[in-house]
Every structure is written in C-alpha cells, then in structure tokens.
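What follows is each chain in one-letter form.
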Amino acid sequence: MHDLPPHGAADNGSPLDDDFIQLLSESGERMPNAEFDPWVRDIGAAGLAALYDDLVVVRRLDTEATALQRQGELGLWPPMLGQEAAQIGSARALHPDDFVFTSYRENAVAYCRGVGLTDLVKVWRGNAQSGWDPASVGMAVPAIIIGAQTLHATGWALGAQFDGADSVAVTYFGDGATSEGDVNEAMVFAASFQVPVVFFCQNNQWAISEPVGLQARVHIAERAPGFGIPSLRVDGNDVLAVMAATRVALDRARSGGGPTFIEAVTYRMGPHTTADDPTRYRDPADLARWAERDPILRLRRLLDAEGLFTPEFEAATAAHADAAAAELRAGCIGLADPEPLSVFDNVYTTPQATLDRQRAGYAAYLASFESSDTRSSNEGASV
Amino acid sequence: MIRVFSLPDLGEGLTESEIVAWHVAPGDTVTLNQHIADVETAKAVVELPSPFSGVVSELHRPEGVLVHVGDPIVSFEVVGADAVDDSGDSSDSGAPAAPVPTKREANLVGYGPDAEREGRPKRRARPGSAACATPVPLATVTSPGLPVAVTSSVANPVAAAPGATTMERPRSTPPVRMLARDLGVDLTRITGTGAHGVITRDDVRAVGVTPETVPVADAPSVFGAPSGTRESRTPIKSLRKLTAAAMVQSAFTAPHVTEFLTIDVTPTIDLLETINTAGAREGAGRVGLLAVVAQALCLAVARTPSVNTRWDEAAGEIVQFHYVNLGIAAATPRGLMVPVIADADRLGLAGLADSLARLTAAARSGTTTPAALAGGTITITNIGVFGIDAGTPILNPGEAAILAMGAIRRTPWEFRGDIALRQVMTLSLSFDHRLVDGEQGSRFLADVGRILANPGLALTMLGATPGAA
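The listed protein sequences correspond, in order, to chains A and B. Read in order, the letters of the first sequence correspond to residues 1 to 383 in UniProt numbering. Read in order, the letters of the second sequence correspond to residues 1 to 469 in UniProt numbering.
Think of the hints as simulated: they come from the structure by calculation, not from any bench. Among the hints, a few may not be true.
DEER-style ranges, computed between Cβ atoms [claimed, not checked]:
#: 1; chain 1: A; residue 1: N346; chain 2: B; residue 2: T29; range: 41 to 49 Å
#: 2; chain 1: A; residue 1: A363; chain 2: B; residue 2: L14; range: 51 to 59 Å
#: 3; chain 1: A; residue 1: E339; chain 2: B; residue 2: E231; range: 33 to 41 Å
#: 4; chain 1: A; residue 1: P338; chain 2: B; residue 2: D312; range: 54 to 62 Å
#: 5; chain 1: B; residue 1: R201; chain 2: A; residue 2: Q352; range: 29 to 37 Å
#: 6; chain 1: B; residue 1: A195; chain 2: A; residue 2: E339; range: 49 to 57 Å
#: 7; chain 1: B; residue 1: L14; chain 2: A; residue 2: D18; range: 38 to 46 Å
#: 8; chain 1: A; residue 1: V188; chain 2: B; residue 2: R240; range: 47 to 55 Å
#: 9; chain 1: B; residue 1: G375; chain 2: A; residue 2: E339; range: 55 to 63 Å
For each residue, glycine too, the CB sits at the ideal point set by N, CA and C.
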C-alpha cells in the first residue's frame, strides 16, 4: 500500500518531484536509461533536428493563433505553451493508421497528423462545425466535453480488435479529466476487453484554475493500476522520454497487451484559454521554475552540445516557423464566411422532412430582411 | 492606405474593455504582432498585438477609457499586402468612419445579438463637442466628487424627445429593428400602428431620418449605463462572488461583537510630524497613521493573545498564533482584497511603514500575488480614508478580530480641564465571541486606544509577555 502524501503538498508535480522517466535533463544532458533508451535509439542527429523543428514550429503557430484571437480574428484559442514536447514526442511515435482522439488543446498533435494549418482554426473562428475530415488524417475533431473522447477511443479500439487490425487508438486528455466519470468508464471497459488503446494524460498541473493537488492525492499515473491498466509516469517536457514511453505503450497495444496509461508531467505556461487570466491563481515563482524546464530549451542545449545547433539550422528552423505562421494567418483571415443555411448540412446523410421544414423556415426568415446583406459578416470589423 | 483596427471581443462574449496603456504613439513604426497596448476586460488584462505592419497614424481612444467592442481604437498607415480591402471613407481624412450606421454584428462563437444597443443610436454627442467625442475617462466618472457627465444627456435631442416616456423596449420584429438601425431611427420615439402596438416597417420609414443627422457620440452617463436603461444585471462571479461567499461564511458562523472607542490621537499625529520631518527616516518613505495603528495592534495583541486565534471547528481546537500576520483590507481596481504583512509583530514601526508602502503599490497595480493574500491572522481596515467614522466590520474568515480605523476629525474635546480642538478618531473592533470574551476584546481595544492617545506608553509595553497585564 502507498503512504498517502499530505494533501496538495508533495504531489502537485512540483519541479523537485522528479519521480518519472527522464532521458533528457533540464540542462540538456542525456540521462542513461537501460529500459527506455532502446526505444529511441533510432533518433540520431536528423531525428533530433526534426523534433526540434516540430517544437519550434508548433510553438510559433500557437503564438500566432493567440495573436489572431487578440486581433479579433478568432473567437477563442486554447494555448498549449509549455506542452509542446508532450504532444510532439507522443504524436511522432504514431503510425498513419493509428487513430487519435483528443481534447481541444492538442494542436501540435493535429499538426503532426497532417491537419491543414487553416483547418486548425476554422472552428475557433466560428466558420465551421468541425475543422477537418477525421478519416483522412486519422484524428477525430477535438472533444470540448471534458474526457468524452476517451470513450470514443475505447470504442474505436474495440472495433480495431474485432477487425483484427494492429492499429491503436490514442486518446489525449488532461489531469482534470481523470476525475470525470467518462474517463473512468473508458478505463474500465478498456481493461475489461484489453483493447488496443493508449490513455495519454498531459498533467499540466491545472484544471483551469484548480491545481492538480486538489484532486489527486497520489500521482495520477497511480490510478491506472487500480483499473488493471499498467501506467508510466514520464517527464512531459522531455520529448525523448515521451516518445520512448509512447512507443512502449503502442507496442504493447499492437501485440495484444491491452491498454496503457501514460502520465506526461508538464506545465501549462499560458492561460487556460485566451479568456482566462492565470495571474489570478498562479504563483509567478511557480511559472519561473517551470520556465527553466522548458521543453524546447533543453533540446536546444543537447543539439548545441552535440554541435548540431548551427546558425544555419537555427535560421532554417525560424524561417520554417515564420512561414507556417504566415500561412496560418493568411488562411485564417481568408476564410470565407459560411452560408447561414449551411448549418443544416451534414446533420443527416439522407433527407429528413423535419429538417427540411426548418431549413425552409430559416430561409424565409433570412429573406424577410430587406437589405441584401443578410449574412453575419466579419467585414464590419474593418469599417 | 489607412487601416482602422476596432476593439475585438477579447474574451468570450465580452462587450467592452478598458485601454490600460498604449505602448505606441502616432508616427511610430510597428511590426505585425508587436505589443501595442494593454487592455483590461472583465476577465483579464491582455496584451494587444498589432494586426498590421505599418505606421501608427492615430490613436482613437486615450488610456483609461472604457471602449465598446467594435469601436475603432487605432489606425495604421500600411503598405503592401495588408493595404487592401478597407473602406474608402476612412482613407481621405484618416478619421474613423463612425457615423456609418451599424451593420449586424459579427457572430463568432454563439455570442448572440447585441441586445443592449439594439435599435439605439450608437453614441450621443456631448454638448459642445465634435461628432466623435472623446469619452470621459473612467477615473472622472467614478471619482467620489460630483458627477461630471450629468448634464450631457439632457442636451440630447433623442433622449429628450417626447414619446420617450416608457423604458420598456418597444415591440417590433428583428427585420424592423434592423431597418430602424440602418436608418438611424430610435424605436422609442415611435408609436406602433401594427397589431398590439407592434412597430411596423412603415412606422419606421415615416420617421426615418437621413444618416447625416444620426447622432453618433454618446458620453457615458454618471452610472455608465446606456441611455434608457434603468437597471442592469451583472452575473455574480469572480472576485465579487468570492467576497460574497467569504462574508456570508464569516457573518453566519462567527458570532460578531463590535465595540467602539473614540480617542484623542493628537499626540500620535504630532509624533508622526516629528518622525517625518526631523529626518528620523533618512531616505525612506513617510510613516503614516496606519503604520502606527498596526504597531499599536501588535503591541496590544501581545497583551491579549486571544484576539489572534482561529476557531478550528473540524479539529475541535482553538489555534493560538504566536506570530501576527496582519491583513490590510484594500480597495483595489479588482475589488476588495486583504493582502497580508507576514510577521508584522517583528517588523517595528519603520518595517511596518515600508511593508505597507510595498503592499499598497502592489494592490494598486494589480500585482498582488496569491501568496500575499494567504495566511492572515488579524486584520485592519481603514474606513477613515473614505471619510467614515465607525462601522461594524465583518471578520475576515478564520480570524478572531478586525479593527476599523475611522476618520480623524478636528473635534471640541476635553483637554487638560478645558475644551480644545483636538484630532479625534473612533476605533471599531469586531471580534469572534466564541474566541474572545468581552473582557479581552475590551482590554485589547483599550490598549490600542491608549497607545494612540499617548504613544509614549508603547515604551512600557515593549517586551510584555502574554497575559502579564
């Protein structure tokens, strides 16, 4: 049995709490680990450079989207600042035929899956009900309801099991979601049927404004064994450790070993969304401590130590990031407003009399406006 | 080409924000996403990134004013890719094309219609000002002096028009309201001829005015409410909600007793004069009365420790603090906060004065950290700064006592057998009667009063051990 740590004290994922898998220290040194090193042995100079490029690009995209919200081009945006390694390290471990079910903050995962940059922001701009075709990229559109996607993933994995496929469902959620009924139900079913699903929890320390210590008196990873699911606790700001842990879990799932739970210990360095003010509940000293553990900084230090961080590489990465940001901005601002009646599209695959009546009624209502400008429009903002 | 940037909805469903600071001035060259302003919404203070690369041509709103979402706040002279697709009527003068009738609002994430401004002209002109009047700075509107904007609405032809007697929104349909808005017609001026008095399209056209005469500038009323609104509703949330919960919890769990003591504090005022003018605090800030009261409280706590305790209902125990973490109730831009001076009993008068200065600066600038608000054991509230004499303060939850300082008044008072004009103030002490008996509370209040009435007595209390009196 465990000795329970004092409430909210020892187990709030503080920087000193390093009871997790780490392959890359804060200062950028490789930490030898006989168990997990083999899983990232293939990541050489080119692999490290590619991961660094990913991290820089997704942070730049995230910053640009935040700016677009401040400029009135997006209604809302959930920044992921600080969580890049947890998302990139895990998403880059996936196969194309795996399927991802995420919450709303996993925009770096979406980037890795090949979601178009403009598609990332469509919903946040209010231009579409969903941003992309899930089947074409192997990733469902984000679940806004906390934890609901874990059930979707478990169901999908059950289907893969029936099909005899060796694809794996991976579901991303946060520390707060682990207290939701949906997540617990998903874990019960995943364990019962030993389905190929990976529960990937980004413990970013905050359920909006509630610190994780309020809801978890043991490490979140320690909950999973109670369901009969093995778990790994990994430094979520260490892109290599995250990749190794995810590969272990994926391999177990593909070989019939059933579900795995991964707790990636990271930190949300920005607000919950652009409508949140973290300075009201977060100690600035806490933020400063986590800034030292920045996921990009430590990989840069490793590259530097190995002589890979050349001025040319730095410039090329920055140029890639800027180009991606410019593409995101141009695509976002260039999105055409949807036709009001398009809200009725894609509700049913076959004609429905009730829906047709509603469509006709709404069309008549729109026609009752005398002006020809009956569309909700963003153009008013540039008057 | 001039491009105008209008205030976006920076949170979810916000209607207005305050410009806290501009970081650029007309003529400055800015790059895309450069931090140009700090804007405070009901939810957060956020940094505004520039939407264009170019040169700032005009700031339409000064710092410190409340701006509606959709109002122009800054214009840029831009060249290249950004210089496309803007309305021509703003490029000739560089001024925002404010008089254009409002179009339907952009409707992003289910914000719904802008009901409050439905069918009303956007802004009314202040008397004697140009069409695009500068709104009254918030500080002026909310200052405790006489209201300054009171007369502006009277001069307004729309508000004063006959027929504007009812404050209920006139009955009409959305297309008619849109027509009225496009024509600049105020629906409150119209008597509907449709069924049940509903205003029809023809009613609106009959009154229709040309866009040139549409009043566009509207000075905020004293209460900052749109014209015609007699009451408004604000969701109970954030700090207001927390404050309310704390007050209710305290008021209905701790049985409060409040005692008053009126004293002649002239000797303390004289002492402060000496300290602050005689160079006794070389290079340091002034020592204020609050610091002396804090020092007096710490000395008095040592003689009556029961006022510095906590009732731990769950544990069935009384917690006696052997230190004083002194809370100072502060009215901040965000509302009531009680930042704490840790170990106030060890600081001495100079240390208390320095701590108070830091704490006040942080509270005013909104940089008080959550840690600075935690762990108080007893509180002072200075209601005297509002010109108030006495009150019955509610305990900060979990504390046993709270001391309120009243205003100091020149008052005829008995002095050495005669009547003299003296500096007199009233202290109000509320205490938790579960923890503090009347004898103890009275002794504590009398001790504070004795020190303030004769600060030299503090010498006799130094080193006093609890209960020694």
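Checklist entry - Would you say the C-beta atoms of A/N346 and B/T29 sit inside 41 to 49 Å of each other? => result Once the Cβ atoms are compared, 46 Å apart, the range 41 to 49 Å for B/T29 and A/N346 holds.
Item to check | Distance restraint evaluation - A/P338, B/D312, Cβ atoms, bounds 54 to 62 Å | outcome: holds (59 Å)
Item to check | Hint check for A/D18 and B/L14 - Cβ pair distance inside 38 to 46 Å | outcome: holds (41 Å)
Next on the checklist: Please check whether A/V188 and B/R240 have a Cβ separation lying inside 47 to 55 Å.
Outcome noted: Since the Cβ atoms of A/V188 and B/R240 sit about 41 Å apart, the hinted range of 47 to 55 Å is violated.
Checklist entry - Between A/E339 and B/E231, does the C-beta distance stay in 33 to 41 Å? => result holds (39 Å)
Checklist entry - Is it true that B/R201 and A/Q352 lie within 29 to 37 Å of each other by Cβ? => result Once the Cβ atoms are compared, 34 Å apart, the range 29 to 37 Å for A/Q352 and B/R201 holds.
Checklist entry - So does B/G375 sit 55 to 63 Å from A/E339, Cβ to Cβ? => result holds (58 Å)
Item to check | Distance restraint hint 49 to 57 Å, applied to the beta-carbon atoms of B/A195 and A/E339 | outcome: violated (33 Å)
Checklist entry - In this structure, is the beta-carbon distance linking A/A363 and B/L14 contained in 51 to 59 Å? => result violated (32 Å)
In summary, the structure is inconsistent with hints 2, 6 and 8 from the numbered list given earlier, while agreeing with the others.
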